[in-house]
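Chains as they are written, first to last, in our numbering: chain U, 1 to 285; chain H, 1 to 309.
Accuracy of the hints is not assured; some may be wrong.
What the hints assert, rightly or not - If the Cβ cut is set under 8 Å, some of the chain H residues that face chain U in the computed set are:
hint: 1; residue: G74
hint: 2; residue: L78
hint: 3; residue: Q265
hint: 4; residue: E292
What the hints assert, rightly or not - Covered, in the sense of this in silico footprint (three residues per stretch, anywhere, with C-beta under 8 Å from a C-beta of chain H), are these stretches of chain U:
hint: 5; stretch: 140-147
hint: 6; stretch: 265-271
What the hints assert, rightly or not - Pulled from the structure, derived: some chain H residues nowhere near chain U, Cβ distances all over 10 Å:
hint: 7; residue: E52
hint: 8; residue: I90
hint: 9; residue: G115
hint: 10; residue: I282
hint: 11; residue: R283
Derived by calculation from the structure, the hints in this document are not laboratory data.
We put the beta carbon where it would ideally sit given N, CA and C, even for glycine.
Spelled out from the first residue to the last, the chains are:
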Amino acid sequence: MQMFINALATAAILAPAAVAFTLIFTLFRYANFAAGGFVTVGAFAAWTLNAPLGLPLWAGGVGAMGVCAGAVALSDRVVFRPLRGRSGGTLLLVSIALSFVIENIIRFCFGAQVKGFDLPLTGPMVFAGLRVPKETVWVISISLIATLAVGALLTFTPIGRALRAVADNASLANVRGLPVPGVEAFGVIVAGALFGLSGTLVGVDLAIDPNLNWAIAIPVIAAAIVGGLGSPLGAAIGAVVIGLAEELTAAHFSPTYKGAVGFVVIALVLLLRPQGLLGTKVERK
Amino acid sequence: MDAYLVAILTIAGIYIILALALNLQFGLTGLVNFGVVGFFCLGAYASGIATESFHAPFVGGLCVAMVTGAVAGGLLALLSLRLSGDFLAIVTLGFAETIRLIFNNEDWLTGGPKGLLIMTRPVLADYSRSANAWMVLAVVLTGAVLTLALMLRLAGTPYGRVLRAIREDELVPATLGKNVFVYRLQSFVIGSVLMAAAGSLYAHYVQTITPDNFTTPVAILVWMSVIVGGPGNMLGSVIGALVVVTIYEGSRFLTPWLGFLDAEQVSALRFIVIGTVLILVIRFRPEGLLPEPKHTPVVPATRRPALKG
Chain U
1 MQMFINALAT
11 AAILAPAAVA
21 FTLIFTLFRY
31 ANFAAGGFVT
41 VGAFAAWTLN
51 APLGLPLWAG
61 GVGAMGVCAG
71 AVALSDRVVF
81 RPLRGRSGGT
91 LLLVSIALSF
101 VIENIIRFCF
111 GAQVKGFDLP
121 LTGPMVFAGL
131 RVPKETVWVI
141 SISLIATLAV
151 GALLTFTPIG
161 RALRAVADNA
171 SLANVRGLPV
181 PGVEAFGVIV
191 AGALFGLSGT
201 LVGVDLAIDP
211 NLNWAIAIPV
221 IAAAIVGGLG
231 SPLGAAIGAV
241 VIGLAEELTA
251 AHFSPTYKGA
261 VGFVVIALVL
271 LLRPQGLLGT
281 KVERK
Chain H
1 MDAYLVAILT
11 IAGIYIILAL
21 ALNLQFGLTG
31 LVNFGVVGFF
41 CLGAYASGIA
51 TESFHAPFVG
61 GLCVAMVTGA
71 VAGGLLALLS
81 LRLSGDFLAI
91 VTLGFAETIR
101 LIFNNEDWLT
111 GGPKGLLIMT
121 RPVLADYSRS
131 ANAWMVLAVV
141 LTGAVLTLAL
151 MLRLAGTPYG
161 RVLRAIREDE
171 LVPATLGKNV
181 FVYRLQSFVI
191 GSVLMAAAGS
201 LYAHYVQTIT
211 PDNFTTPVAI
221 LVWMSVIVGG
231 PGNMLGSVIG
241 ALVVVTIYEG
251 SRFLTPWLGF
261 LDAEQVSALR
271 FIVIGTVLIL
281 VIRFRPEGLL
291 PEPKHTPVVP
301 ATRRPALKG
């Protein structure tokens, strides 16, 4: 049971970023490996606002979402937009190079020391004999609310419908009078904010350092693939699957192999059910 | 200075082999392999363990490395080659990370993060240090030249034409009765074997390998060599690798002018520059320094009936 809570905590960190990754994939049809880089940007933005500037963590989190939204929008504008229409492999290579640049910009500015948030110490909460740290409760609830909110936004609001229409067929949406560039920009900003949220949550649970980039990119992408690329709900479920798999590995093999879980899960999913849990087959080139 | 030049050339030779191998996979066949560093690492450790724990000679270690590379490449290819571009990239990237993690954790086999000490060198006994360095360089360059010769040959044969056809549109060679999957598998495995061989050369050159030698930056440098040189052009990869190693190693000489930055920042700055250049090249000159030669079929001029006048 304790393990399940740990798994949920991991899932809570991964879920927003996995939803963001899948959102970018559905809009532009490429796997953005800079996901880990953006999460790291979020973590450092929240840390800067929290520890040196002394703001409360919620303000740091909101700031991180803003900074990340800006970073993702900027990267889309400067790096990815001129390359629209190139093959998925090329964009993937570019996104890896980008995440490499982001990681090293962070290292350049902040150094390689491990950082942590300035949080008051709190005792654990006790539910039915289970000791759960208060931070974990916060992390899980905030992530759940955010993921549900984005799900609701995509499903029920006009802008969400527009976003899905553009993702499905941009030229058709254009013909029907949807402002495609605006809708795409909105999607990019939502994705950026989600990366920022993941970055803040990851900082609560783990240490913040530039190496976070790869450590977080693989499980995030694994979660999105397990859930089925293009399905935000699937990405959230995928995050829970990855969280469970990581905890099981840590319990039964060795905690040091947690990092390999994402890869093994991706390999299994691609072998057995390439479209993921909730995905539909995507025509790809 | 002499010793430094020999060291840079040796590293460049190893990168040339890696770049040529990746150019076969990506440039000719269109396989997006981000696991370059995984095969490189596997070859280095396989060779190191064979020579140190089992007292094989250097050539034995090299062979073990190549066989290991072939097996790993074959298995990974069987698992993932049916997947298209970006999924293959994800799986190979994960493979490289996993290999590094395993070698970092299984101390009994690899020495873990402390590293594996390799005493065997591809040199003759009883010579001076600098003579040894030249001998290692000669071995590495021989490897690079052999690889280049093999690749130039491969790219020019009908076999290479099939690979290029698969890259452009796999339906066309499939329609002509070529088994696309087998061709891709072969291309991937040959590339993996060469990468593992490069790993073996590297291991016996540096003599101490730790999993930290095999991180993503190495893969980025190899990718940059191929992209800058020109995907699909084998000579381009050689030039690309030389350019990249020169930029990377040469930027050390800039350190005195960057005295206001600490070592960590200088190293970060180098990687920022490398990543940015890679993105810029992809955007503005995707065909690289040496574009792939165009293969336009030679169509005999249609004979026109002479005009009567």
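Each hint, compared with the structure:
With a cut of 8 Å, the hint placing G74 of chain H at the interface with chain U is violated, because the nearest CB-to-CB distance is about 15 Å. For L78 of chain H, the shortest C-beta to C-beta distance to chain U is roughly 10 Å, which exceeds 8 Å, and the interface hint is violated. Because the closest C-beta pair between Q265 of chain H and chain U is about 5 Å apart, less than 8 Å, the hint holds. A least Cβ separation of about 15 Å between E292 of chain H and chain U goes past the 8 Å threshold, and the interface hint is therefore violated.
Taking a C-beta to C-beta cut-off of 8 Å, the stretch 140-147 of chain U contributes 0 residues in contact with chain H, too few for the three needed, and the coverage statement is violated. Residue count for the stretch 265-271 of chain U with a Cβ under 8 Å from a Cβ of chain H: 4. That meets the three needed, and the coverage hint holds. The beta carbon of E52 of chain H sits about 24 Å from the closest Cβ of chain U, which is more than 10 Å, so the claim that it is off the interface holds. With a least CB separation of 6 Å from chain U, I90 of chain H falls inside the 10 Å interface cut-off, contrary to its annotation.
Every beta carbon of chain U lies more than 10 Å from that of G115 of chain H, the smallest distance being close to 17 Å; the non-interface claim holds. The beta carbon of I282 of chain H sits about 6 Å from the closest Cβ of chain U, which is not more than 10 Å, so the claim that it is off the interface is violated. Look at R283 of chain H: its CB is around 6 Å from the nearest CB on chain U, not clear of 10 Å, so calling it non-interface is violated.
Consistency with the previously given hints fails for numbers 1, 2, 4, 5, 8, 10, 11, ordered from lowest to highest.
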